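S.K.: The lines below spell out each chain.
2 protein chains.
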Amino acid sequence: MTAYQSLCEVVSEISLLTSTEAVLGWDQETYMPAHALDHRARQLSYIMGKAHGLLTAKKTRTLLERAEAEMPEDPTQAANIHGLRRDINRATKLPQKLVEEETNVCAHAKAAWAEAREKSDFVMFAPHLEKVLAIARKKADLFGYDGEPYDALLDLYERGAKTREVAALFEKLRPQLAEIAREAVAKSASVKPGALKGRYPIEKQQILNREIAENLGFDFEAGRIDTTAHPFCTTLGPGDVRLTTRYDENDFLSSLFGVMHEAGHGLYEQGLPGLDYGLPSGSAASLGIHESQSRMWENHVGRSRTFWEKWLPRAQELFPHLRKVKLDAFMKEMLRSEFSFIRVEADEATYDLHILLRFGIERRLVKGELAVHDVPRVWNEEYRDLFGMTPPDDSRGCLQDIHWSMGGLGYFATYTLGNLNAAQLFATAKKQRKIATGLEKCDYAPLLLWLRDNVHSKGAALLPQEIITQATGKPTDAKWHIKHLRERYVG
Amino acid sequence: MTAYQSLCEVVSEISLLTSTEAVLGWDQETYMPAHALDHRARQLSYIMGKAHGLLTAKKTRTLLERAEAEMPEDPTQAANIHGLRRDINRATKLPQKLVEEETNVCAHAKAAWAEAREKSDFVMFAPHLEKVLAIARKKADLFGYDGEPYDALLDLYERGAKTREVAALFEKLRPQLAEIAREAVAKSASVKPGALKGRYPIEKQQILNREIAENLGFDFEAGRIDTTAHPFCTTLGPGDVRLTTRYDENDFLSSLFGVMHEAGHGLYEQGLPGLDYGLPSGSAASLGIHESQSRMWENHVGRSRTFWEKWLPRAQELFPHLRKVKLDAFMKEMLRSEFSFIRVEADEATYDLHILLRFGIERRLVKGELAVHDVPRVWNEEYRDLFGMTPPDDSRGCLQDIHWSMGGLGYFATYTLGNLNAAQLFATAKKQRKIATGLEKCDYAPLLLWLRDNVHSKGAALLPQEIITQATGKPTDAKWHIKHLRERYVG
Numbered sequence: 032m033t034a035y036q037s038l039c040e041v042v043s044e045i046s047l048l049t050s051t052e053a054v055l056g057w058d059q060e061t062y063m064p065a066h067a068l069d070h071r072a073r074q075l076s077y078i079m080g081k082a083h084g085l086l087t088a089k090k091t092r093t094l095l096e097r098a099e100a101e102m103p104e105d106p107t108q109a110a111n112i113h114g115l116r117r118d119i120n121r122a123t124k125l126p127q128k129l130v131e132e133e134t135n136v137c138a139h140a141k142a143a144w145a146e147a148r149e150k151s152d153f154v155m156f157a158p159h160l161e162k163v164l165a166i167a168r169k170k171a172d173l174f175g176y177d178g179e180p181y182d183a184l185l186d187l188y189e190r191g192a193k194t195r196e197v198a199a200l201f202e203k204l205r206p207q208l209a210e211i212a213r214e215a216v217a218k219s220a221s222v223k224p225g226a227l228k229g230r231y232p233i234e235k236q237q238i239l240n241r242e243i244a245e246n247l248g249f250d251f252e253a254g255r256i257d258t259t260a261h262p263f264c265t266t267l268g269p270g271d272v273r274l275t276t277r278y279d280e281n282d283f284l285s286s287l288f289g290v291m292h293e294a295g296h297g298l299y300e301q302g303l304p305g306l307d308y309g310l311p312s313g314s315a316a317s318l319g320i321h322e323s324q325s326r327m328w329e330n331h332v333g334r335s336r337t338f339w340e341k342w343l344p345r346a347q348e349l350f351p352h353l354r355k356v357k358l359d360a361f362m363k364e365m366l367r368s369e370f371s372f373i374r375v376e377a378d379e380a381t382y383d384l385h386i387l388l389r390f391g392i393e394r395r396l397v398k399g400e401l402a403v404h405d406v407p408r409v410w411n412e413e414y415r416d417l418f419g420m421t422p423p424d425d426s427r428g429c430l431q432d433i434h435w436s437m438g439g440l441g442y443f444a445t446y447t448l449g450n451l452n453a454a455q456l457f458a459t460a461k462k463q464r465k466i467a468t469g470l471e472k473c474d475y476a477p478l479l480l481w482l483r484d485n486v487h488s489k490g491a492a493l494l495p496q497e498i499i500t501q502a503t504g505k506p507t508d509a510k511w512h513i514k515h516l517r518e519r520y521v522g
Numbered sequence: 032m033t034a035y036q037s038l039c040e041v042v043s044e045i046s047l048l049t050s051t052e053a054v055l056g057w058d059q060e061t062y063m064p065a066h067a068l069d070h071r072a073r074q075l076s077y078i079m080g081k082a083h084g085l086l087t088a089k090k091t092r093t094l095l096e097r098a099e100a101e102m103p104e105d106p107t108q109a110a111n112i113h114g115l116r117r118d119i120n121r122a123t124k125l126p127q128k129l130v131e132e133e134t135n136v137c138a139h140a141k142a143a144w145a146e147a148r149e150k151s152d153f154v155m156f157a158p159h160l161e162k163v164l165a166i167a168r169k170k171a172d173l174f175g176y177d178g179e180p181y182d183a184l185l186d187l188y189e190r191g192a193k194t195r196e197v198a199a200l201f202e203k204l205r206p207q208l209a210e211i212a213r214e215a216v217a218k219s220a221s222v223k224p225g226a227l228k229g230r231y232p233i234e235k236q237q238i239l240n241r242e243i244a245e246n247l248g249f250d251f252e253a254g255r256i257d258t259t260a261h262p263f264c265t266t267l268g269p270g271d272v273r274l275t276t277r278y279d280e281n282d283f284l285s286s287l288f289g290v291m292h293e294a295g296h297g298l299y300e301q302g303l304p305g306l307d308y309g310l311p312s313g314s315a316a317s318l319g320i321h322e323s324q325s326r327m328w329e330n331h332v333g334r335s336r337t338f339w340e341k342w343l344p345r346a347q348e349l350f351p352h353l354r355k356v357k358l359d360a361f362m363k364e365m366l367r368s369e370f371s372f373i374r375v376e377a378d379e380a381t382y383d384l385h386i387l388l389r390f391g392i393e394r395r396l397v398k399g400e401l402a403v404h405d406v407p408r409v410w411n412e413e414y415r416d417l418f419g420m421t422p423p424d425d426s427r428g429c430l431q432d433i434h435w436s437m438g439g440l441g442y443f444a445t446y447t448l449g450n451l452n453a454a455q456l457f458a459t460a461k462k463q464r465k466i467a468t469g470l471e472k473c474d475y476a477p478l479l480l481w482l483r484d485n486v487h488s489k490g491a492a493l494l495p496q497e498i499i500t501q502a503t504g505k506p507t508d509a510k511w512h513i514k515h516l517r518e519r520y521v522g
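If you're matching them up, the sequences are chains P and W in order.
First residue of the first sequence? That's 32 in the working numbering, and the numbers climb one at a time after it.
First residue of the second sequence? That's 32 in the working numbering, and the numbers climb one at a time after it.
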């Protein structure tokens, strides 16, 4: 057995632990009863501690050194060795105690967030956010960084990205995005709301969501959809991708776009090389790539006219009161742009503004320029500057997102990076006649195949920017996204 | 820290692993998609192997020896040390490889069983049963036994029980039970079936089941109900007891009695000392005690007239077509006895005959007197002798139960032992005026309190027969069960 193969066996063992942690986490979000929380937090912390211990063990590091010395010629194997070096170096910088503490803190923070959000009570969540933030800053210090501490966190989600560069990009985009949003909202003012008003029974929504997820190519033999406070996608092992959404009885599009978004993530996960599960080559490249998949299926596919040419009639079968709605009116209503409070329900034309807001606040939190107790005030002020209105409560303000409670500081920027990648990938793919023809008749197999070949199958063996460049000929460029928004929303 | 305290810390660590295995197992039965099976089997096997490794580690055994040398005066602590000695001695006899193999084999066997049962295809399940049986026999050999190999397996579920004694008891009971069954069935012949015919929407059944489980005292902050092919109850940690049932749109009593049975198990689990989770004093005493709880709530409470005086009107609200059914007619229909194929749906008067059949077949399988491929034939022949009819297919014959696929050879006898204990405990409890008065108005708090005091809170710090004797004044005696059946079904 080569050192590389022995190393793969250790990685496989680690992946049994991390995927078990994913099962525990999924259950916590979906079905776990309230009184189970303390024990669940201990289970999570124990399992993650074991995984961390194994990843950083002397034996593992020795195997890695031997694998590096033997360095295989196969480029995927070599990429895995490089990737593991990076992961192990990073993990070795974190004491196991800190990993266990983080898991435990976040398990409680998630539960506290869910309750605080429901009650719109930031004070209830604040002490948890303090703890999460302290751990994030400690991690940043331990990982090290060239520029500012946020770099170390951002890099966890978007390998190679620099805070300064992202901030510069966002500053450049800000006036353009603000202008598009303003014009889109103004243009939508003439659309009388309420065209889709009515009751949408949850069981019927579930039928439609499932049919559509299947149409996109999501494999229900290797995945499922459940209900949670905040939609997400998680992989519990090869052949086991779980999506979640939430339901609003007055708005079927809310759960549906949740499902299409998460199914985009799920299609990516189902397309990763299953045999390499746990290795870099079997893992997602970055969140900026992940979000490119979710946003592409949700927006470029799911909000297109051709999509609704097929699916509006089916929705009308399930929801008879929609029969009076013509496709034109439906499209106008669905693409109606407005300044709204909730990011996950925001329309495309205003979405990125939500991200710019969060990126700025997070960066300052991590830098220590903003105190936790000031978050609601600053959030609301900056929200007012960007959107011209103030959130009526923290549930619709700084308490709306699950990310901080999960320890996901550094994550938000990847949504906008994902939007840029989505537009660029989609524009490139559409140039192929077969894909374009498929899109016209809601046959998504050619698009999915192209994504499998050009994105999914690469895993993290390439850098995010290498994937984008190889797939589209150029590194990420905002022009495609801006062009797409202008065409659809300003026109 | 005393040696006992250090030992408790190791036990607590082991319980993090075993409870994580329970989460993985629960998810497998409830929500896991099909393609996840291989990875799930590997996760289960890995986690169980780790738990076994820790339980049998030199360090653990040394701590146990030190705790034994220091032997605390506190009787619960002493009982825990004795119990752990027993568990560790037993576990030490099993190589870790065998534990991992068993977990893996059973994970696949459960999935194969579910499919084989659906298709009524014993041949599909047979190779899995061969593997499970081989492991069970190997375990029996490693554990050792005085009489026959089945003793070693029976003891896993009913501490201290001997195959020969159970067989003698069952032989003695057999003619009495057969006579009761015959008379009950004959008496029921005059009850025209179909009084409850109609459609029972699953959502409505779920509402009723939940209200009734709450009425019994089941805490939904520390548990829940899901849907599976075969009803079960599993504990995922302190404060986390999961029940399952299955639904028949034509028969609300099927899912309801499933829930009442499993809630009986669940009330026991919720009543175990949570702080001792993982220790003998925080664990169930035996399955014969466990089943006494499930059968008591299901049958002694759930099939009583006073129970339905309260709950029939509520069922009539939920299922309007029941409004025409009078309580007398309802009771006659619900207590109608008939020879039927499915154990979990069998009425009380015929139930134990199903157990006698299984006990005999299992015993011979384990002894090697019966080959796996002969099981369907022998099952059907013996079924015919006991019930006077032949199962039309293996789904309604030897494929109906999940137990063998779970490696649960040795389990079945505990159902009848549980019936005997249930009748004896219930007859004793009812002598208290407060409990009797409570039962009359469906206030089950006094009964539950008595069970908490006399059964639940004891954990496994006492032997099953010590619990029964202390609670009722005598060891298990079949007369209470026979008396109960005669009064209710022969009269």
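Heads up, some of the hints might be wrong.
For identical chains, the list gives no copy identity; a pair is met inside one copy or between any two copies.
Stated by the list, open to error - Straight-line C-alpha distance at most 27 Å; calculated BS3-like pairs for lysine-lysine:
#	residue 1	residue 2
1	461	341
2	510	128
3	124	398
4	398	169
In short, the hints are calculated from the structure, not lab data.
Because the structure is a prediction, the values reported are computed rather than measured.
S.K.: With identical chains treated as interchangeable, where does the CA-CA distance between residue 510 and residue 128 reach 27 Å or less: within a copy, between copies, both, or neither?
M.R.: Answer is neither: 45 Å inside a copy and 58 Å across each miss the 27 Å cutoff.
S.K.: At most 27 Å between alpha carbons: which applies to residue 461 and residue 341, within, between, both or neither?
M.R.: Answer is within: at 19 Å inside a copy they meet the 27 Å cutoff, but 65 Å across does not.
S.K.: Treating 27 Å as the Cα threshold, decide for residue 124 and residue 398: within, between, both or neither.
M.R.: Within one copy only: 20 Å inside a chain, 57 Å across chains, cut-off 27 Å.
S.K.: Go through the copies and call it for residue 398 and residue 169: within, between, both or neither, with a Cα cutoff of 27 Å.
M.R.: within (12 Å within a copy, 62 Å between copies)
Against the hints set out earlier in the document, a violation occurs for number 2 only.
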